[in-house]
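Please build the complex by placing chains B and C on the supplied structure of chain A, with the hints as guidance.
Residues per chain, in single letters:
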Amino acid sequence: MLETIVSALPDLMVANAAPLLVVVPLILAGICVFTPNGRTAWGLTILGSVSSFLCALILLLQVGTYGVVSYHLGGFAPPLGIEFRVDGLNVLFLLLVTGMGVLAAVFSWPTVAAEIRVEKHRLFYAAHLICFTGLAGVAITGDAFNLFVFLEISSISTYVLVALGGTRDRRALPAAFNYLIMGTIGATFFVIGVGFLYAATGTLNMVDMAERLAVIDAGNRAVVAGFAFIMVGLGVKAAIWPLHQWLPNAYAYAPSFVTMFLSATATKVAIYAVVRFGFTVFAPEYTFETLNITYVFGPLAMIAMLVCSFQAVFQTDMRRMLAYSSVAQVGYMLLGIAIGTSAGLSAGLFHLVNHGLMKGALFMAVAGVVLTYQGTRISDFAGLGRAAPLTMTAFAIAGLSLIGMPLTAGFQSKWYLLQAMLDGGWGLAAVVVVASSFLAVIYMGRVLQAVFFQAPVNPRKIRREAPALLLIPLWGLTLATLYIGVQADWVIDLVQAAAQASFVPGGGIR
Amino acid sequence: MTSHHVILRVVSKLLMPVIVVYAFYVQFHGDYGPGGGFQAGVILAVSVILYALVFGVPEALRAVPARFAASLAAIGLLLYAGVGVWAMLNGGAYLDYDFLVEDVPGGHKGQHLGILLIELGVLCTVSGSMLTIFYAFAGRVTEIRDEDW
Amino acid sequence: MSPEALILTVLFIPLLTVMAIFVVKSIPDLREAATLMGAISLFGAVIWLVAGLGNGPVELVLGQAAPGLVFAFKLEPLGALFALVASGLWIINSFYSIGYMRGNRERNQTRFYICFALALFGAMGVAMAGNLFTLFVFYEVLTLSTYPLVAHKGDANAQRGAQIYLMTLLGTSIGLFLVAVVWTSSLGGSLDFVPGGLLAGKIGPVEASILLLLFAFGIGKAALMPFHFWLPNAMVAPTPVSALLHAVAVVKAGVFAILKVAIYIFGADLLSTTPATDWVLGVACFTIIVSSLIALTKDNLKARLAYSTIGQLAYVTAGAMLANEAGFLGGSMQIAAHAMGKITLFMCAGAIYVATGLTNISDMRGLGKRMPWVFGAFFVASLSIIGVPPLAGGWPKFQLLLGAFEGGHGYVAWVLLFSSLLNIAYLLPIPILGLMPPKGTPDPAPYKRPEGAPRFVVMAPVVTAAGTLVLFFLMGQIADFLAPAMGGI
Chain A
11 MLETIVSALP
21 DLMVANAAPL
31 LVVVPLILAG
41 ICVFTPNGRT
51 AWGLTILGSV
61 SSFLCALILL
71 LQVGTYGVVS
81 YHLGGFAPPL
91 GIEFRVDGLN
101 VLFLLLVTGM
111 GVLAAVFSWP
121 TVAAEIRVEK
131 HRLFYAAHLI
141 CFTGLAGVAI
151 TGDAFNLFVF
161 LEISSISTYV
171 LVALGGTRDR
181 RALPAAFNYL
191 IMGTIGATFF
201 VIGVGFLYAA
211 TGTLNMVDMA
221 ERLAVIDAGN
231 RAVVAGFAFI
241 MVGLGVKAAI
251 WPLHQWLPNA
261 YAYAPSFVTM
271 FLSATATKVA
281 IYAVVRFGFT
291 VFAPEYTFET
301 LNITYVFGPL
311 AMIAMLVCSF
321 QAVFQTDMRR
331 MLAYSSVAQV
341 GYMLLGIAIG
351 TSAGLSAGLF
361 HLVNHGLMKG
371 ALFMAVAGVV
381 LTYQGTRISD
391 FAGLGRAAPL
401 TMTAFAIAGL
411 SLIGMPLTAG
421 FQSKWYLLQA
431 MLDGGWGLAA
441 VVVVASSFLA
451 VIYMGRVLQA
461 VFFQAPVNPR
471 KIRREAPALL
481 LIPLWGLTLA
491 TLYIGVQADW
501 VIDLVQAAAQ
511 ASFVPGGGIR
Chain B
751 MTSHHVILRV
761 VSKLLMPVIV
771 VYAFYVQFHG
781 DYGPGGGFQA
791 GVILAVSVIL
801 YALVFGVPEA
811 LRAVPARFAA
821 SLAAIGLLLY
831 AGVGVWAMLN
841 GGAYLDYDFL
851 VEDVPGGHKG
861 QHLGILLIEL
871 GVLCTVSGSM
881 LTIFYAFAGR
891 VTEIRDEDW
Chain C
1289 MSPEALILTV
1299 LFIPLLTVMA
1309 IFVVKSIPDL
1319 REAATLMGAI
1329 SLFGAVIWLV
1339 AGLGNGPVEL
1349 VLGQAAPGLV
1359 FAFKLEPLGA
1369 LFALVASGLW
1379 IINSFYSIGY
1389 MRGNRERNQT
1399 RFYICFALAL
1409 FGAMGVAMAG
1419 NLFTLFVFYE
1429 VLTLSTYPLV
1439 AHKGDANAQR
1449 GAQIYLMTLL
1459 GTSIGLFLVA
1469 VVWTSSLGGS
1479 LDFVPGGLLA
1489 GKIGPVEASI
1499 LLLLFAFGIG
1509 KAALMPFHFW
1519 LPNAMVAPTP
1529 VSALLHAVAV
1539 VKAGVFAILK
1549 VAIYIFGADL
1559 LSTTPATDWV
1569 LGVACFTIIV
1579 SSLIALTKDN
1589 LKARLAYSTI
1599 GQLAYVTAGA
1609 MLANEAGFLG
1619 GSMQIAAHAM
1629 GKITLFMCAG
1639 AIYVATGLTN
1649 ISDMRGLGKR
1659 MPWVFGAFFV
1669 ASLSIIGVPP
1679 LAGGWPKFQL
1689 LLGAFEGGHG
1699 YVAWVLLFSS
1709 LLNIAYLLPI
1719 PILGLMPPKG
1729 TPDPAPYKRP
1739 EGAPRFVVMA
1749 PVVTAAGTLV
1759 LFFLMGQIAD
1769 FLAPAMGGI
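Residue numbers (our numbering), protein chains in the order written: chain A, 11 to 520; chain B, 751 to 899; chain C, 1289 to 1777.
So here's chain A without its partners, still in its complex pose (with noise of 0.2 Å):
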C-alpha cells in the first residue's frame, strides 16, 4: 500500500523528500502571514503537514529499501555540507511527528478559533508550522550544530504558543517566560556540549564525529563534559525529571491546542535527540559502560515515574494532571533507554509512540471539553459522560490505554517495558513500572469516575459534544491506540528497527 501511495506522488518530490519534509511547511509558515484570513491559514497549515507526512512515508519506504537516506544540503558533501540523515532510528520519529501534526492540524480550528483573537490568527498558524518545522528538522538532521538550530527554531515559536494562552488565561505569561528561562539555559547547555565536541573531533557531522569520537581516548575531559552538557541541555528539553518543572504549567495554561500538540511530539523529539547522542554519535559501549549512564537516567527515570504520578493524583486542573502524567511517562521511556540493550530501546521507543498517540487523544478530548464547557478542573468534568459520550468514551480508552489496560497499546508498551526490565535483571525497576501504573490507576480511575458516574455540577440538559473536526482525529487517535492494542506487529517492527539502528555505531569509543 506504501508503495502505491508513493509511486502515485511526483518524482520531484520523492527524490527530494527530506529536504521537502522540513522546508514546505516554512515556506507556508511565510506565506500564512500574508494570507488573508486564519481560515486560508489553516488551510495552509493542513496542506503543509499533510505534504510533510507524505514525505515521511517516502523516507520510510526509502529506508526500507537504502537503509540510510543521506541529503547533502546545497551539494555539499558532508562532513563539511549540512547532511539530512535518515535512518530507521529517525524516520519513526518523523512520521510521529508529522502523522501526529496533520491530526493535530485538522482538530486544530475550533479551538484555535474560540481561544485565540481573531487577528492572531494568522500569525498563530505561522509559528505553528515553523515550530513543527523545528520539530521536524531536529529529527531527521545528521549534524549536531544544526540540531542546535532546529531545536531553537522549534522552541522559540513554542514559547511563543505557550504565552498566547495568555488570551484565555492571564497565567500563560509566566509560564511561558518560564519556559523561555528553562529552555534558552538548556539549549546553552547543549550548544556548549557541541561545542566541547567540536574542539575534541573538529566536525560537526554525526557520522563522522562518532567516528572520530571512537579514536579518542575514553577519558578525555572535553568528550565527558561535552557528554553532560548534551544530556543535561536535551534532559530540560525532554523534562527528564527533576528538569521538568516548566512543563506542568507551560501544558496547563498553553491554547488547547498547543498543548495537544506538544504533548505529543515536543518532548519525544528531544528524545530523539538523547537516543541519537547516547547511542549513535556516542557509541553505547562508552555510553553505558564507560560512563555508565544508566546509574544516572535509571533512578531518575524511577523518580519521575513515582514522583510525577503522585502529583499527578492531587491535582484538580485536569490538564495539570495530564502534563504531570506525561513527566511520569517521560520517565518510562527514560527507563527503558537506560537499561542499555536494544530490548529496553524498542520497548522505549515504543512506549513513546504510545504514548504519543495516548496523550494527544486525551488532550483533544480535553480541548473538546473547553470548547464546550469552558471548564479544565476535574470537577468540570462531572457528569460528562453523558452529555459528551462520544468525546468521553475516546477520552476514557486513551485513559485505560495510559494505565495499561489489556487491550490498549498502553498495555503493549508496558508489556515489553516490563519483559525488558525482567530479561535484564531490574526487579526493582519493574516494581517501579507496577507502581506507576497502580498510581495511573487512581489518578485516571478518579477523572473517569467524576465523568461517568458523578453528576453533573451544574446540570447540562443539552447534550454537546465536540465539533466533527476535533471528534474525528480523536477517533482517529483512540483507533490507532486499540488497533496497536490487538494488532501491534507493525510498529513493533518500526521500534525494532529503531533500535537495531541505534546500536550500528558510526564507530566504537575504547
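Keep in mind that the hints were calculated from the coordinates and are not lab data. There's no promise every hint is true.
[Said to hold, decoys possible] Covered stretches of chain A, as calculated for chain C (at least 3 residues, CB under 8 Å):
#1 117-125
#2 140-151
#3 429-443
#4 486-499
[As the list claims (entries may be wrong)] Sample of chain B residues facing chain A (criterion: CB under 7 Å; computed from the structure):
#5 V756
#6 G785
#7 L827
#8 L828
#9 A831
#10 M838
#11 A843
#12 Y844
#13 D846
Yeah, the Cβ is synthetic: ideal placement off N, Cα and C, and Gly gets one too.
Quick look at chains B and C alone, frame taken from chain A:
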C-alpha cells in the same frame, strides 16, 4: 514635535543615511570579506530604531509600518527558501546554487547569484524581526493600569 | 459447525447480545428478550462445544497482538466446566434480573444488561483462554465490565464501594498478576498452558516461590486475605450483580485462574516442591477460618454471604495448593458446587429485599411463613454450602479432605471440618429462625409491594436449589470429565 534636543536630532538625521549605506556595504561586502545578512540586517534595523528613539515611535511607525516590518521578515524567509526550491526545481539539490542559472561548466555564476539572494533574504528577515520585536516592546500599552495592581 | 467456529460463536454471542440490547434499548420487553435469547443461545453453544470435547482438545489461534502475545483459545475440561457453570447460571440470573430490576424500578437498566453481557464475554474468554496472556486480557475485561454494575446505584456509597472494587482488582492485577505473567513468559519462554506445568524444571524454588506468591495475591478475584475486602464492599451492587460476582463469573474467574496456574503453569510436581505452596495453603486456611468468624458477626444478610464466599473460595485455592489430583479435583468441583449454592442464597436475599426491603437478618424472624419457597430454597442451599449429602457441596469437601490426607497436610482437614461447623453456625439459623421463629417474636415487616416478590424472583432460587440436588448426582460424571485435566499425576 518638541523643539529640544536639536543637536541630537540634527546629528541623527545626518547619521541615518550613513548607517543605511553602511548596512548595505556590510551586506554586499559579505561576498568577499567579513559581513553578511545578519550583521547588515541588524544595522539596517538600528537606523530605524534610532529614528524611533529620537523622533518617537509613532513617527517611526509612519515611516516603517509594523505590518511592513513583519512582512519583511516573512519575505526574507520566502526568498531564502524559494532560492532553495528553485535550485531543486532545476534539478539540483536543495540550495545547490549551481543549478540556479544556466552556466558554462565550471562557472560560478550560480554561486554568486545564490549567495547574494540568500544573504538578501537573511537581511530582510533579520531587520524585519528586529523591528517587529522593537515595536512590540516599545509600542506596548499596559493592559493593566498601575493603580489596578 | 467446527469446534473452532464454535469457540468464536461462544465469544461472539455475548457481544451480539450487547449490540442487540443497544439496538432495542428503548423497548424494555425486547431488551430483556434479547438478554434471555443471548443467555440461552450461549448456554446451547457452550453445551454443543463441550459435547464435542470428547474428540480431543479444541484450539483456536486468533492471531498475535505482538510478537509473543498471542490470542489463543483452547478448551479443556476445567475451562469447559467453568464455561458451563457461568453460561448456565446466566440464564437463571437473567430471569431473576428481570424480576428484580423491574420489581425495584431500578434506573439505567440498559447499561445494566449491556455490562452484564460484557461480563459474560469476559468470563467466556477466561474460561477458554489458551494461554496466560489471553487469560489476563479477559480477566481485565471482566473487571472493567463489572465496575459499572457495582457502581449501578450511582450514589456516594455505591461509588465508594465500586472504587474499592476497581482499585483492588486493578491494583492487584497490574501490580502483581501482570508482573507474574511477564516474568513467567521471560522464565518459561512462552505463556502456553502446558499439561504438567510450563515452568516445571525451568526454575528454582526461590523464583517459584516469588512467582507463586505474585499469582496467588495478584489474582485478586480469588479474594485471598488480605485482598478480600473488595468483595464485602461490592455489596452495594444490586442483588443480581452480587450473584454475578459471587456465583456466575467474577470470583469464579479468580479461583479458576488460580487452578489453571497451579495445574498448567506450575504443575503438581513443581508446586509440591515449592516452599511458598505451604505458605499460600496456610493463608487459604487462615482465610477460611477468619472469614467464617467474621461472617458470624454480620447481621446484614448480604455481608454475611459475602464473607461466606471469601471462605468458600479459599477452599479452591487450598485445593490448588494441595498439589495433588484430589485437591485439584476438589477445587474444581467446589467451583460448580459453590456457584449453585451461593447463587441461590443471593437470589433469596434479593427476593426478600424486593418483597420487604429488609436487609438485616435479625429482622427476618418469622418471615419464612410468608415466603416459604424462598426460605426453603435458602435452607437447601445452606445445607449444600455446609456440605451435607446428598447436596452438591458434599463432594468437593470430601475430595479436599482426601487431598489433604494424601498430601500429608492433616491440619487442612481439621480446618475444613471446623469451617463446616462455622458454616452451620452462620448459615442455618437464618432459614430456621425464618421458618420457625421462637415464640413471642413480633411479626416481621409487611411487604413493601402488595403482591410480594415477583414470580421470577421466587422461582429462580427454587430452581437453583433443586439444582444443588441434581448436581450431587452429576458430580461423579463431572469428576470423570475433569480427570484428564488433572491427569499425569
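With 7 Å as the cut and Cβ atoms as the points, is G785 (chain B) at the interface with chain A? violated (20 Å)
Is the coverage entry for the stretch 117-125 of chain A by chain C consistent with the three-residue Cβ rule at 8 Å? The restraint on the stretch 117-125 of chain A is violated, since only 0 of its residues have a Cβ under 8 Å from chain C and three are required.
Proposed interface contact between A843 (chain B) and chain A, which counts if any beta carbon pair is under 7 Å: It holds, given that the least Cβ distance between A843 (chain B) and chain A is near 5 Å, below 7 Å.
Is the interface hint satisfied for Y844 (chain B)? The criterion is a beta-carbon contact with chain A at less than 7 Å. holds (4 Å)
Does D846 (chain B) meet its interface restraint, that is, does its C-beta lie within less than 7 Å of any C-beta in chain A? holds (4 Å)
The hint names A831 (chain B) as touching chain A; please verify it with the least Cβ-Cβ distance against 7 Å. Nearest chain A Cβ about 5 Å off; hint holds.
Assertion that chain C covers the stretch 486-499 of chain A - criterion: three or more residues, beta-carbon distance below 8 Å: Answer holds; 5 residues pass the 8 Å Cβ test.
Agreement of hint M838 (chain B) with chain A interface, Cβ distance less than 7 Å: Holds: closest Cβ of chain A sits about 5 Å from M838 (chain B), inside 7 Å.
Given L827 (chain B) as an interface hint, is its Cβ closer than 7 Å to any Cβ of chain A? holds (4 Å)
The hint names V756 (chain B) as touching chain A; please verify it with the least Cβ-Cβ distance against 7 Å. violated (39 Å)
For the stretch 140-151 of chain A, do at least 3 residues have a Cβ located nearer than 8 Å to some Cβ of chain C? It is violated, with 0 qualifying residues against the three required.
8 Å C-beta test of the stretch 429-443 of chain A against chain C, three or more residues: holds (count 5)
Of the numbered hints listed earlier, those contradicted by the structure are 1, 2, 5 and 6.
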